[in-house]
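Numbered continuously in this note's numbering, the sequence shown closes out at residue 194.
Worth flagging that the hints you see were computed from the coordinates, not collected in a lab. Glycine included, C-beta positions come from ideal geometry on N, C-alpha and C. Careful: at least some of the hints might be erroneous.
Label-pair distances were calculated between CB atoms; the ranges are [what the hints assert, rightly or not]: (1) 92 / 47: 21 to 29 angstroms; (2) 117 / 70: 21 to 29 angstroms; (3) 164 / 137: 41 to 49 angstroms; (4) 54 / 163: 54 to 62 angstroms; (5) 76 / 161: 18 to 26 angstroms; (6) 125 / 47: 26 to 34 angstroms; (7) 43 / 109: 53 to 61 angstroms; (8) 47 / 120: 20 to 28 angstroms; (9) 124 / 64: 28 to 36 angstroms; (10) 170 / 49: 28 to 36 angstroms; (11) 120 / 157: 33 to 41 angstroms; (12) 128 / 71: 55 to 63 angstroms; (13) 171 / 53: 52 to 60 angstroms.
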Amino acid sequence: MPRKARKAPTRDADPLDQYSTWDLRIAKLIYYSIIVASAVTILGIWLTIIGWLVESGRWDIVMSWGPGAGALIIVGIIVLHLFLLVLFYVLFRGGILKLCQRLFKDRVLAKKYEDYSTLRLLIAVTLVGVYIFLITLLVVILPSFFWEFVANFWINIVFKFNPGEWVLFIGLVLFIIVMLVYLGFALWNHGVFAVLKRVKRIE
-8 MPRKARKAPT
2 RDADPLDQYS
12 TWDLRIAKLI
22 YYSIIVASAV
32 TILGIWLTII
42 GWLVESGRWD
52 IVMSWGPGAG
62 ALIIVGIIVL
72 HLFLLVLFYV
82 LFRGGILKLC
92 QRLFKDRVLA
102 KKYEDYSTLR
112 LLIAVTLVGV
122 YIFLITLLVV
132 ILPSFFWEFV
142 ANFWINIVFK
152 FNPGEWVLFI
162 GLVLFIIVML
172 VYLGFALWNH
182 GVFAVLKRVK
192 RIE
């Protein structure tokens, strides 16, 4: 009896296949940046709490409970970070897919506009100019007392922040930068396709 030919194993379509390599690279870069910012921020929270305990003298009380108390705190910090790493790993593919869905158009839709590369570039430059104009306008219209507040705040953190508060501050700044890049990129990409859709409809 002749043997039946083997069938190639079927594989479910990967939803990430509809995005280009560059789309995935950008989404992964933003995703990894969020992970780093999260890890730095959480580490800063722990170090800030420890710094406050040291400055208030309560850390000596904790240490008076025995060396196990300090070891327990350190182990807790390590376990929390390991838990976050595992959580991000579990959510990795879903997180990348959601980022791609919010940032990019799939290849089928993008292919409809591939003949408009020059127009896409012009629209992108225009949108960047609009962003720069809005930022400049915001800087100009802000009252002088706001900048005085910023200067005083910077002087205050330079001379009064403990190391833990510095780590927390850096983590929050990283978060803000990543969110601004994400929002700017999403607005630019969707703005380009919104204009192209109207141009093609007119034609």
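Quick rundown of the hints versus the structure:
1. 92 / 47: 21 to 29 angstroms: Violated - the Cβ-Cβ distance for residue 92 and residue 47, about 47 angstroms, lies outside 21 to 29 angstroms.
2. 117 / 70: 21 to 29 angstroms: With Cβ atoms ~50 angstroms apart, the hint is violated.
3. 164 / 137: 41 to 49 angstroms: violated (18 angstroms)
4. 54 / 163: 54 to 62 angstroms: Given a distance of about 29 angstroms, which is not inside 54 to 62 angstroms, the answer is violated.
5. 76 / 161: 18 to 26 angstroms: Holds - the Cβ-Cβ distance for residue 76 and residue 161, about 19 angstroms, lies within 18 to 26 angstroms.
6. 125 / 47: 26 to 34 angstroms: This hint is violated: roughly 44 angstroms between Cβ atoms.
7. 43 / 109: 53 to 61 angstroms: Given range 53 to 61 angstroms: holds, Cβ gap about 57 angstroms.
8. 47 / 120: 20 to 28 angstroms: Check failed, 51 angstroms falls outside 20 to 28 angstroms.
9. 124 / 64: 28 to 36 angstroms: Since the Cβ atoms of residue 124 and residue 64 sit about 49 angstroms apart, the hinted range of 28 to 36 angstroms is violated.
10. 170 / 49: 28 to 36 angstroms: Holds, since residue 170 and residue 49 (Cβ atoms, about 34 angstroms apart) stay within the stated range.
11. 120 / 157: 33 to 41 angstroms: For residue 120 and residue 157 the Cβ distance comes to about 36 angstroms; the hint holds.
12. 128 / 71: 55 to 63 angstroms: Once the Cβ atoms are compared, 42 angstroms apart, the range 55 to 63 angstroms for residue 71 and residue 128 is violated.
13. 171 / 53: 52 to 60 angstroms: violated (39 angstroms)
Checked against the numbered hints given earlier, this structure breaks hints 1, 2, 3, 4, 6, 8, 9, 12 and 13; the rest are met.
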